[in-house]
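Chain B with the ligand: place on chain A using the hints.
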Amino acid sequence: MQSIESSIENIRKDFPILKRKVRDNKLLVYLDNASTTQKPKQVIDAITNYYNNYNANIHRSVYSIAEEATEAYERVRDKVAKFLNISKREEIIFVRGTTEGINLVAYAWGRKYIKEGDIIVTTEYEHHSNIVPWQLLVKEKGAKLEYIEINDNGELILDQLDKYLATGKVKLVVFSLMSNVLGTISDAEKIISKCHEAGVKTLVDAAQAVPHMSVDVTKLGCDFFAFSAHKMLGPTGIGVLWVRKSVLETMDPFHGGGDMIREVHKYETTWNDLPYKFEAGTPNIADVIGFGSAIDYLSQLGMEAVRKHEMELTQYALDKMSQIKGIVIYGPKDVSKRGGVISFNFHDVHPHDVATIVDREGIAIRSGHHCAQVLMEKLNVAATNRASFYIYNTKQDVDKLIQSLGKVSELFKL
Amino acid sequence: MSDPIYTEIIIDEARNPQNEGTLENPDISQHDSNPMCGDSITLQMNVTDDSINDIKWSGEGCTICKACTSVLTQLIKGKNIDFAKNLKKEEILSELGLEYLAKQSPIRIKCALLSMKALKLGLYSYLAKKLAGSLSLDNLKDDAANLY
Ligand SMILES: Cc1ncc(COP(=O)(O)O)c(C=O)c1O
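Protein chains in written order, with the numbering used here: chain A, 1 to 414; chain B, 1001 to 1148.
Incorrect hints may have been included.
Here are the simulated distance ranges between beta carbons [to be verified]:
1. Arg1015/B / Asn25/A: 47 to 53 Å
2. Lys308/A / Glu1020/B: 46 to 52 Å
3. Glu140/A / Lys1130/B: 37 to 43 Å
Simulated crosslink set (DSS-like; lysine-lysine; CA at most 30 Å straight-line) [what the hints assert, rightly or not]:
4. Lys41/A / Lys13/A
5. Lys1056/B / Lys413/A
6. Lys26/A / Lys1129/B
7. Lys26/A / Lys1110/B
8. Lys88/A / Lys112/A
9. Lys1056/B / Lys378/A
10. Lys378/A / Lys1110/B
11. Lys413/A / Lys1110/B
12. Lys407/A / Lys1129/B
13. Lys1110/B / Lys21/A
14. Lys266/A / Lys308/A
15. Lys21/A / Lys308/A
16. Lys1103/B / Lys400/A
17. Lys308/A / Lys400/A
18. Lys21/A / Lys1056/B
19. Lys1089/B / Lys1129/B
20. Lys88/A / Lys194/A
21. Lys1103/B / Lys407/A
22. Lys337/A / Lys163/A
23. Lys333/A / Lys378/A
24. Lys400/A / Lys1110/B
25. Lys413/A / Lys1103/B
26. Lys19/A / Lys1103/B
27. Lys219/A / Lys112/A
Some chain A residues near chain B, calculated using beta-carbon distances under 7 Å [unchecked claim]:
28. His350
29. His352
30. Ala382
Just so you know, the hints here were simulated from the structure itself, not pulled from any lab data. All C-beta atoms, glycine included, are put in the ideal place defined by N, C-alpha and C.
Bound-form chain B, shown alone:
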């Protein structure tokens, strides 16, 4: 039986998510939750020389939230901060075949993008400490606010 959202890829990804856990002394730790449904996750990252060399996530979420969080962490682990800063939501959604979700379910899209929102907010707080008042940072904050 096939289903437009609950494909094997998504269910398997959510059942065996990557990078679940916590970091000892993270450089970035960002919590966010979705008041509508109770999805609630914390993303943690370690940064060395502008590279995200470790990332973990913990929390509670539905299948879509967990699968997308798992994919997001895999995509940015080992990558440059700029890469993470510029990551587009479409890149996460297409990894899991969820491109149409944004149009079809404005409610469930929030489940899919919660971790991305946490990522952008986390990077914002981290960079804000390093480069106070830079314009490009405001864009990052707006980016997070307007994700969904």
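Only chain A is shown next, with the shape it has when bound in the complex:
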């Protein structure tokens, strides 16, 4: 497998937006990949091609383009299965994104199985989408939400999980495989095996993991697994929820409507087979097809190569940044334990001011709470800056970011 570094010029050519000039004629340096990634022309073309050549609704009609569209849509389900080593394609449900995937579980599984006094365990470094749906659920049911805290290194304190499991009241443990703020990679094997022993179900938020490393869902052994296409070169508005079949079979529907039914009578309805029971209504056909193209693109590069490229960039950035006076970097320092997401603060300058000033140089970084206010509270900051990398980023991008921090120092007389 070729390294990404050796083919980076060709990779960059695939992304039309990387030629874009912003502000005062500055070449865009895009470092907000944890938020959403850019799209290669292959993905954009796949969507356009569907609309230009075989736009039709799926699963309904017998004419030629409807068959083509159905075939293209269903083939992407197979691509997802292969990409993540999932053996049963009917366990893969297309949703709007990670957020909808988690809400689907909270609604269709949680409302059926969570009872008064039960405990759901989440972590301090979750995205709001892996906190708020559970808050809603436990409030409705009179259950309780507990948190696994993080240590000074930004890693989960797993002893706390033992404590909760020992109560015998835990029904579900949810955690992100990679933190979108600290970059920490969770010790999923340990968490899931502890939960297995206790007979407790697990949900993995893989929004930051699937785009950046090789993931094997079968080996992972969780029960629920969600991620978003737009963070892995794909379009917005599409994502995947995977649910272990034995669990999925026990769940009630999420949305009612077309496609999810077998027979509808005036007062009774029977449900369609899996996964269609959970895909009500006309789905986001075009973007599923675009997503398929994104999976092809990443598969061709190889996820090991993607991970290696990001580890090198992250190491480079951490080395350079830690030499700058006044920078505080959050999360693990060891790049084998973290992804390419670097959250930092610079002296006492508010992240919003930092992001505005580096934007003058065409550099896009995120500033704010990153939908992780529980974590911000823990870190005792209102906000952080965040630079996050992907396959088209280079060491020069990191150098430009560091140079532009010099401008912040000048303006604020640091």
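Below, chain B with the ligand without anything else, positioned relative to chain A:
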């Protein structure tokens, strides 16, 4: 080096903001925050004979938010409630040379006007207790809602 936003005036104002703190028993206390970025401030005021005789603010904010909050509190301290009610956003922005911000950065304008939103909402709640159901009050509420 010059910068369109980060002028010395703004940076100095934010570094040494006026009226930062809290009041013991405020007549008006209004919190507001900006969900996008985490700017979060509380404005407190004491009112005697329709005059805002003391005002303090506390919270977290970026340079623009802090500088504008500081200027706003200085502008209305000691003034009549009507003056505060009718204060226009342009008056705050022009004090700091930020007039063009509204056009240039629809996102950062929220940082600049958070304290003004808190001011209008605070006055609304205060006056609503005194003059229930008055029409001019609805205008004030709409004013706050449509600031940015
Ligand atoms: C860890 C994590 N979970 C969940 C989400 C939510 O994803 P989406 O907004 O695509 O539903 C994100 C995206 O910001 C994320 O980083």
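Hints, one by one, checked against the model:
1. Arg1015/B / Asn25/A: 47 to 53 Å: violated, 32 Å
2. Lys308/A / Glu1020/B: 46 to 52 Å: Between Lys308/A and Glu1020/B, where Cβ atoms are some 49 Å apart, the hint holds.
3. Glu140/A / Lys1130/B: 37 to 43 Å: Between Glu140/A and Lys1130/B, where Cβ atoms are some 39 Å apart, the hint holds.
4. Lys41/A / Lys13/A: holds, 9 Å
5. Lys1056/B / Lys413/A: Holds, because 28 Å separates the two Cα atoms, which is no more than 30 Å.
6. Lys26/A / Lys1129/B: The given pair, whose Cα atoms are some 53 Å apart, is violated under the 30 Å limit.
7. Lys26/A / Lys1110/B: Roughly 26 Å separates the two Cα atoms, so the pair holds.
8. Lys88/A / Lys112/A: Holds: Lys88/A and Lys112/A sit about 24 Å apart, inside 30 Å.
9. Lys1056/B / Lys378/A: The given pair, whose Cα atoms are some 27 Å apart, holds under the 30 Å limit.
10. Lys378/A / Lys1110/B: holds, 26 Å
11. Lys413/A / Lys1110/B: holds, 25 Å
12. Lys407/A / Lys1129/B: Roughly 49 Å between the alpha carbons, so the hint for Lys407/A and Lys1129/B is violated.
13. Lys1110/B / Lys21/A: Answer holds: Lys1110/B to Lys21/A is near 26 Å, not above 30 Å.
14. Lys266/A / Lys308/A: Given pair Lys266/A, Lys308/A is violated - Cα atoms ~57 Å apart, limit 30 Å.
15. Lys21/A / Lys308/A: With Cα atoms ~29 Å apart, Lys21/A and Lys308/A stay inside 30 Å; holds.
16. Lys1103/B / Lys400/A: holds, 28 Å
17. Lys308/A / Lys400/A: Holds - the C-alpha atoms of Lys400/A and Lys308/A are around 22 Å apart, at most 30 Å.
18. Lys21/A / Lys1056/B: Roughly 43 Å between the alpha carbons, so the hint for Lys21/A and Lys1056/B is violated.
19. Lys1089/B / Lys1129/B: holds, 25 Å
20. Lys88/A / Lys194/A: It holds: about 25 Å lies between the C-alpha atoms, which stays within 30 Å.
21. Lys1103/B / Lys407/A: holds, 24 Å
22. Lys337/A / Lys163/A: holds, 24 Å
23. Lys333/A / Lys378/A: OK: Lys333/A and Lys378/A at ~18 Å, within 30 Å.
24. Lys400/A / Lys1110/B: holds, 28 Å
25. Lys413/A / Lys1103/B: At roughly 28 Å apart (the allowed maximum being 30 Å), Lys1103/B and Lys413/A satisfy the hint.
26. Lys19/A / Lys1103/B: Holds: Lys19/A and Lys1103/B sit about 26 Å apart, inside 30 Å.
27. Lys219/A / Lys112/A: Judged against 30 Å, a Cα distance of about 27 Å means the pair holds.
28. His350: holds, 4 Å
29. His352: holds, 4 Å
30. Ala382: holds, 4 Å
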